[in-house]
Structure formats: structure tokens, C-alpha cells
Amino acid sequence: MPSFARGTLLAAASVAATVSALAAPAAVCTAPIAGASTAGALVVGNGTASSCTGAALQAAVDVASAITFNCGATPVTIPIYATLEVPATRATVIDGGGKVTLDGGGRVRLIEVVHADFRTSHVGLTLQHLTLSGGKAAGTKYVAPNPSNASCAHGWADGAGGAVYVRDAALHVIDVTFKNNAAATPGPDVGGGAIYASASLDVTIVGSTFDGNSAANGGAVGLLQSDGRFVNDLFTGNKANGTGENFVGGAAAGCAGVAQVNQGGAGGNGGAISIDGGSDGAQGVCGTTFTSNVANELGGALFRTADLAAKPTTFDRSVFQANHAAKGGALYVQNAKPLTITASTFSANVAVSAGAAALVSDTPEITNTTFANNVATLGVGGALTLSNAAAAGSINNATFSGNRSSGGPGYFSAAIFGSMTFPVTNTVFANNLSNDGGSPMQCFFAPGSGAADVQWPQKRPVGGLGDNPCVTGIRFVDPQLGALASNGGPTPTPAPAAASPLRKTGHACAATDQRGVARNTATCTIGAVE
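Numbering (numbering that gives the first Met the number 0), first residue to last: 0 to 529.
Hints were generated in silico from the structure; no laboratory data involved. Heads up, some of the hints might be wrong.
As the list claims (entries may be wrong) - What follows is a set of in silico ranges between Cβ atoms, one per label pair, in the way DEER data are often shown:
(1) Pro78 with Ser36: 27 to 33 Å
(2) Gly253 with Asp306: 20 to 26 Å
(3) Ser278 with Ala72: 45 to 51 Å
(4) His121 with Gly472: 49 to 55 Å
(5) Gly277 with Ala250: 22 to 28 Å
(6) Asp306 with Ala498: 47 to 53 Å
(7) Ala25 with Gly465: 44 to 50 Å
We treat Cβ as the ideally placed atom computed from N, Cα and C, and that holds for glycine.
Take these sequences, add in the hints, and give me the full structure.
What follows is the structure, encoded as C-alpha cells:
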């Protein structure tokens, strides 16, 4: 599992300010890689903007392992008319010095590195201090919709990676902005509006911004059988604009498919990131903000399936805000074992069902995390839905506050919907509401164990019936939680009032709270904030 050391905290900075600047967050997590050396680099340009061309860059890439630019004192945009082919047999560094934009003008993919093998290569491409915009990958082998069965897969068979495509190559991205790049759409397996990596051992993206990219799946980044690390990044306004998901069998039985027979759907998974494959390794996200990303189907911010394998996935000190999907407003994660979510905030995400996250066949380990003001508009699980969750999971020191299942009769469980047997401890469920007065308002499960948990209100505002307890033996009392705000630490949190009954009533709490503040574990506070 990827691990990320605690770095500088984004103290007291609001999420809104971070997003409005359209820059990657401050260094919340310690980066797992450093910028690559450009000592002895071949320089593109002679000091004028006109000397910096796509052809000159390709000539440099052909012969040099490190490339920098001398295009004049002011920032320059270099039009790219033919995809830059980077050798796959050696390491290559392209460093824009913070002044260079490579722009495809909606004509071509910008860069590709292609190695013929499967998960063997440890060398590849480093991109740093650049902007990549207007890249576009064209699809081929289009399959038209089946007029007799709308569930059959249709769309493009390829056309992934609008800005960057790598196969079996390491990709390191440091301080790069990807803006308005596009991969082909629709298509069940096409992805990565900005970046697509297939069969690659190491895709590490640090301190970078993805803004307004689109693809059938993975509006910004698509990974297939590739190991991904996302650290201190910003994903905003990206979209997975395919439809129908990607599945095999069921309603698609007998379909010719696009990549295989009996295939259904044409994408729409992972508004910002789509990660697919059981042959990959651990996936990790740390210190990263996802805001206003959209998936037409699953996972407004991120979609992850390990197929039939069991692979670890980690989210740490990250923010998921105002993302949208049909299911899983922020996340859709399947077969992540374990699925570790720590010190993160999910707020104002919206989906038809599973307003914040849809967790399927995972082993969830959720600690010091806030789910606030997420909405399921016409389904269950205002914050979470859990399907086939493993008994080995846990929720500890979490806050579920102000989530909604807003659809009316038949739509309920505004905090958590799903059956699970793992313990829920030191967790508060506050004012998670539905409009169905005859069904469980906050939770629809009965864990086998739980301790030091609080729930409020005790009666449903609609109909006045007593609500089902989220945890056996839970205490019904007003927790006196504040609104979501910057209370210190890298993520927004709702703090308990000075007289809150959450204070000094916890048991065996996590050593620190969501902000990174040390707890007194003997007399700790229930919820994510000490």
C-alpha cells in the first residue's frame, strides 16, 4: 500500500480559495518523488518564441535524455501538430521552467511513450513545470449502437490519452497543468482526457492541476493495469461523458461488444480518474482536492475497480467537494482490500444514489473522516452505500453530518445504506435526513459491535417515528456540531461546541484527529475533530 509521510499542513486555508486559484494544493503530503535533474540538458530555442517549435522539441527528444527551453523572457505557447514520440528504452525529462505550454489546438495527442511489454519497464518520461493543453486523441474502430439492444457496448475501441499516452513506461508528472485535453468518446474502455497509462508500473503525479479535461472514462486520468500515486494535486471541472458504464453479461448477453463479446455500455465512469484492472498494484491518493468533477455513471471524482482481484487503495488528507455522478457522487470503489480512507472530507457531493461514495465488495477502514452535506437525489445512501462489505472493516472517529436522501418515499438511509458487521466506534451521526417517514432515516444496518457512538435526532422529522439506531447501543443526544469550516489542518471539518456531549466521551480513539492534532486517547472526543 502506498504510504505518505505527513508534510506541511495546509493551515487554515479554505477549500474555496484553493480551488479558485486553479493551482494544486500546498504540500499537504510529502512527495514520493523529487524533480528530475536537468544538468547537461539539451536546450530547445535560441531565446526567441519563434525558435521554439514542435519540430525542434521532437528533434531534441530523439537524441537527449533531458530537455529544457530558451524561448525568451515571457511565457510561450508551442503549437503541436504531430504527436511527440518519446523513446521507451531510456529515461527522458522535459522541463518547461514554468514558462512553456504545449498546445495541440484540438488536433492531436501531444506526447506518447509506447513499450511493447506488460508491466516490465522502470524507465520512461518525466514532465515538470509545464502546461499541456488542447490535446486530443482520435478514436478508431467505431461500433455503432445496437438498435435492438440499447445495452450493447458501442463507441470507439481506442483513442485514449488526449495529452499523454504511455504503455509499460514509468510516468512522473511534477508541477504540470493539464487543461482542456480530450480523449475519444463514447466507448466502454476509452479513457484519460489528459493522461492514459496502460500496463505501467509507476504513474506518479505530484503538485499538478487538471482542469476541464474530458473522456468517455477518467475525464482527466485513466489507468489500466497501472499503479497510480496522486499527491498534492487538484482535479477540477473534469468529466467522464460516456454513458452506460462498462460491463460484461447481463443485459449485454449476445452483444458483439467493442473490446469483447457480451460487452455493454459506453463509459461514463470516473469524472476525474478511472482506475481499472486486477493485475495492477496499490493505488494511493494523498493531499489531493477533487471539486466539480462529473461522471455520467459511476464515481464523480474517482472510479476504481480491481475486477476480481483484491487490491489496496488509499485516500489520505484529501478533499472531495461538489462532484456529481449517477452513483457515487465522489467515489465508486470495488474490490479494494483494504480500502483505507483517512483524514479526508467528502462534502456537497451529489448522486442519484450514494451521494458521497459507493463501496462495493471492499474492506473499508475509515478513520478521522468527515461526510457532510452530501445528497442522494433519488436513491439511498446520502453519504455511503456499502455492498458486500467485508467483516474485517472498521469505521472509527468519523463524522456524518447533514447528509440527505432527498427523493421522498422509498429513498432513505441518509448517512449509510448497506449491511455490514464490522465495528463502528467513536462516530457521530448528526442530522442526516430523508423525506421517507416510514423507513430508517440515517442508517440501514445493525453492526455486530460498536462503542462510544452518538446519533441525532432520535425521531424522524417526517412522520415523527423513532429512528433506527445506526449502531447497537448508540447514544441519542444532540452533538452540537458546528458547520463545515477551516478549523486547522488540511481539510475542512465540523467542530463540536465547547459544551458538546461528544467531548471526553470517546473510547480508544485514533491517536490524532482529522486535523493531525494529538488526542488524549483516554478522554477523547467522538467524531473526526478532537
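Could you tell me whether the CB distance from Ser278 to Ala72 stays inside 45 to 51 Å? Given about 48 Å between the Cβ atoms, the range holds.
Using the C-beta atoms of Ala25 and Gly465, is the stated range 44 to 50 Å upheld? Taking Cβ atoms as reference, Ala25 and Gly465 lie about 46 Å apart, which means the hint holds.
Do the Cβ positions of Asp306 and Ala498 conform to the proposed distance bound of 47 to 53 Å? Holds: the Cβ-Cβ distance is about 50 Å, inside 47 to 53 Å.
Taking the beta carbons of Pro78 and Ser36, is their distance inside 27 to 33 Å? Taking Cβ atoms as reference, Pro78 and Ser36 lie about 28 Å apart, which means the hint holds.
Is it true that Gly253 and Asp306 lie within 20 to 26 Å of each other by Cβ? Holds - the Cβ-Cβ distance for Gly253 and Asp306, about 22 Å, lies within 20 to 26 Å.
Per the hint of 22 to 28 Å, is the separation of the Cβ atoms of Gly277 and Ala250 within bounds? Hint holds: Cβ distance 23 Å, inside 22 to 28 Å.
Verify the CB-CB distance for His121 and Gly472 against the hinted window 49 to 55 Å. 52 Å, holds
Of the numbered hints stated above, none is contradicted by the structure.
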